[in-house]
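Here is what each chain is made of, one letter per residue.
4 protein chains.
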Amino acid sequence: MVILIQSTDQVGLVAAISSVLAKQGWNIISLREYVDPSTTRFFIRIETSGQVNDAEALLLQRELSGILPATATVQVNPIALKKIVVMVTKEHHCLSDLLVRHHFKELGASIQCVIGNHPDLEDLCQRFDVPFYAVAAEGKDKAGFEAGITSIIDQYQPDFIVLAKFMRILSAAFNAKYPLKIINIHHSFLPAFIGANPYKQAFERGVKLIGATAHFVTDDLDEGPIIFQEIIPVNHTYNAQKMRQAGKEIEMAVLARALQLVFDDRVFVFRNKTVVFD
Amino acid sequence: MVILIQSTDQVGLVAAISSVLAKQGWNIISLREYVDPSTTRFFIRIETSGQVNDAEALLLQRELSGILPATATVQVNPIALKKIVVMVTKEHHCLSDLLVRHHFKELGASIQCVIGNHPDLEDLCQRFDVPFYAVAAEGKDKAGFEAGITSIIDQYQPDFIVLAKFMRILSAAFNAKYPLKIINIHHSFLPAFIGANPYKQAFERGVKLIGATAHFVTDDLDEGPIIFQEIIPVNHTYNAQKMRQAGKEIEMAVLARALQLVFDDRVFVFRNKTVVFD
Amino acid sequence: MVILIQSTDQVGLVAAISSVLAKQGWNIISLREYVDPSTTRFFIRIETSGQVNDAEALLLQRELSGILPATATVQVNPIALKKIVVMVTKEHHCLSDLLVRHHFKELGASIQCVIGNHPDLEDLCQRFDVPFYAVAAEGKDKAGFEAGITSIIDQYQPDFIVLAKFMRILSAAFNAKYPLKIINIHHSFLPAFIGANPYKQAFERGVKLIGATAHFVTDDLDEGPIIFQEIIPVNHTYNAQKMRQAGKEIEMAVLARALQLVFDDRVFVFRNKTVVFD
Amino acid sequence: MVILIQSTDQVGLVAAISSVLAKQGWNIISLREYVDPSTTRFFIRIETSGQVNDAEALLLQRELSGILPATATVQVNPIALKKIVVMVTKEHHCLSDLLVRHHFKELGASIQCVIGNHPDLEDLCQRFDVPFYAVAAEGKDKAGFEAGITSIIDQYQPDFIVLAKFMRILSAAFNAKYPLKIINIHHSFLPAFIGANPYKQAFERGVKLIGATAHFVTDDLDEGPIIFQEIIPVNHTYNAQKMRQAGKEIEMAVLARALQLVFDDRVFVFRNKTVVFD
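If you're matching them up, the sequences are chains C, Z, D and H in order.
Using the numbering used here, the final residue of the first sequence is 285, and nothing's skipped along the way.
Using the numbering used here, the final residue of the second sequence is 285, and nothing's skipped along the way.
Using the numbering used here, the final residue of the third sequence is 285, and nothing's skipped along the way.
Using the numbering used here, the final residue of the fourth sequence is 285, and nothing's skipped along the way.
These are computed hints drawn from the structure, not numbers from a lab.
Source: prediction; values computed, not measured.
Check each hint, because a few of them may be wrong.
Identical copies carry no separate label here, and so any pair may be met within one copy or between two of them.
To be verified - With a straight-line cut-off of 30 Å between C-alpha atoms, the simulated DSSO-like cross-links for lysine-lysine are: (1) Lys188 / Lys249; (2) Lys90 / Lys249; (3) Lys184 / Lys147; (4) Lys207 / Lys112; (5) Lys184 / Lys149; (6) Lys207 / Lys249; (7) Lys112 / Lys255; (8) Lys149 / Lys207; (9) Lys249 / Lys147; (10) Lys147 / Lys30; (11) Lys207 / Lys30; (12) Lys149 / Lys89; (13) Lys30 / Lys184; (14) Lys249 / Lys89.
Start from the sequences and build out the full structure, keeping to the hints where you can.
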């Protein structure tokens, strides 16, 4: 199992937590702890040998919460596939990568379904036997559109919702319904070139790198806690279209890496930042 | 020698240029040509075996100009060290790297002198027997300050002026005096985090990468044609100070790489962008 | 079109070649030329605006050959998809990547068919409507096994044969039948850890990097001209199995990049090395 | 302070160790623990707020040893500069980097002296006011040569000996005298191209990457536990000399990174491998 705890810091937290585990005979095979000096927030990730069922996890979660400050949050996660819902529009590159990894059981998650605001990617999902739901935005107000989406999501009770090039902006209400459960891949190395058509902006500026950012979605689509970022070099031969293609490659790679970190229980969020024990 | 030509494009330019060279018996050992589709601007870099003196270079330059469109610019560069002046403030990291490479004849350029608006780095220059001039900004207006600098620069007639963490903004008049001769290393991955204290901004945003940009200086300090950019990964354990240290490492590396490209005659500028034949 | 020429070097080759093109009104939009100093071998890649049909290409190819040394080889390639056959065993990662890119017309090549010495990947090919042929090695001698393969390949007359984790060693006779047409992805950063079970070797040595190499196949499976290599960092938490998974990621990325270079006509081979105009 | 412990694993070690610290009021601000599954070896690195003097460190070291298995090794390190001796031959690039960082107090270590088997780098050391000792190998047997070196080293009692392009092979006796204290930068991405003139080998093989390896020296010069490795891309334009220059850049970068890890107490050695908590 993996245990994730964050809390206000005080002397003795590691001893208190590890003593509970030692008394129950759990062997810690990997542990990372960090106290952020600017906020004095304590973060710990503990991986033990041995496995728990859900009832045992709940019991242990309660026991650990009992010895920790009231500000602490405690997760006890059995080693298990996360359940995810993927949302897309028309671009296939991130979805293709997820579907292939899922098909060969290399994703670390189980894709419950894919929701698209356009039907373009239905065919791809069918090829991998994954349910696809088309929810058109046209002809509805935003509340109606999002109600259509949430009614599908809520059937599946996913651990995470992955925006794999979902190109519509979701409302604050939608985002608030799934706090720290929505992961987005952003078509730029934030905070550069925020807004429409970043590759045209990048081309006109003559940049030598373009990047991508995977982040949790909070109330502002492009401003949530960053999980992972990476870049790819470009040069003068890249027009806006070729930059877009390079952008797809790096988006696919960044999203894959960020999801692996999240599915492995390696990412904490506190305020607007992440702590990643990679 | 290395020949650099840019021009409006037309059919037959490569044939015309290479025929001139063939007739004179020059062997082309490396050639790169590119036509930018958005501007139909033609760029060519030709490296020949054999060497020329200055008089021969001038002759060849005139002959090539004669067969090319009036919009063409032609450089014929003997293989020779570039002459540079380096400008600094207090941070040593870029200057140290340049001085070491220069000392061991690995820079591809000859440092004529170093000009600092603070005296902090004089000691370092003395250790490597390179002349250092302190020109204080205090107690003068900008015109007076810059006059002090240009009077030193103009003694040396450098090919390039390298702003190696020179932390004062130079006037448009200064920049216009040395067109496409001033190279700056910028403390960020442009266009992100423009302005003061980028590392504090980066820390507060929780980024996972920081970068640096080397660019020619035009009339706006941070907006000239980009020569090279690179990034370095950071994580949650980096506070603003540790980010600054990582920033120094990447600034040093990016400036070194950009200068190598420029000193090897691999960089063209057209409008606000570069073409780099690396 | 793209023109690829290699030849013994002499003064005037660029002028001769570009004059032929200029007379016919072809505009050169990108050109790279290089003379290898250790062999004085001349390499040139020319990209023109405009397109040719096969008959025109043949005519131009003959005209260029006529003005060049007898040692020259000349290719005139219309901009067109390459035809490829992919050979696999059981591992899907490289094939999945190729099939997805092919399906969305991003591969730069047309996959004619997939040949597997095990049937495992037939299902994947069917999902993407690509013909799959199972050719078992069991119960045949090598000549018989390879005859089964070549009879399929020769139906399709592919430009290239891609060994996408094909885990059997092909005979010198097979390789000689398709000179410089077979591309392999090798499970290591050559020349390190040649031989069986490289990830176990890498684990036992405690390396901090593992790599992959894409190369043309000549008479020795792991020793042909290298097209592209890249590495991925690993650390002490990687056991042999996790190294193998990281190896798959880098193999997939390296093969994709190498094929893009080959399909874009950017790779020359001379003796045991490549010249890559990337 | 930083505490480094390794031991055979058993349930309760983290609890036992952290309880000792909690009782004494130490706050753990960063902790990493790992149990290697193939050897069941336990590794832990603990960073606390607050500082200790040498006497307090010794006391705590004894107290921790008392509660741990007899196989455990315990280090309690006050936050302090490491003392190092640097050994060189003729190449300056690694030494220059170390001297600059040392001069500006960015190395994390104090260079006690430099020992060269040639006098070439004495001038450089003098420029940075660092003692240099020339110990010629000529005219002595190996034992005599090494006795000259050890007599200098032992005056300084360094924590580490850095072979910064020291090009002579040291005897097993020499290495055994300084167990896990000697760090070498190797001119290759081990295990590729072991032996003389690796860059010529790399050139002839036509590789697209070259690398460097920093490792502890055990009884075999090139085979000790690897601390860090990195590569740099090369291409067909790199002859053996240009590969050597690229090799210098990556050697310098790899050694700097490895030393930073060692000086920050982030590297464990067990048998022939390292565990690096970077």
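- Item | Violated hints - listed by number, lowest first | Those not satisfied are hints 9, 10, 11 and 13.
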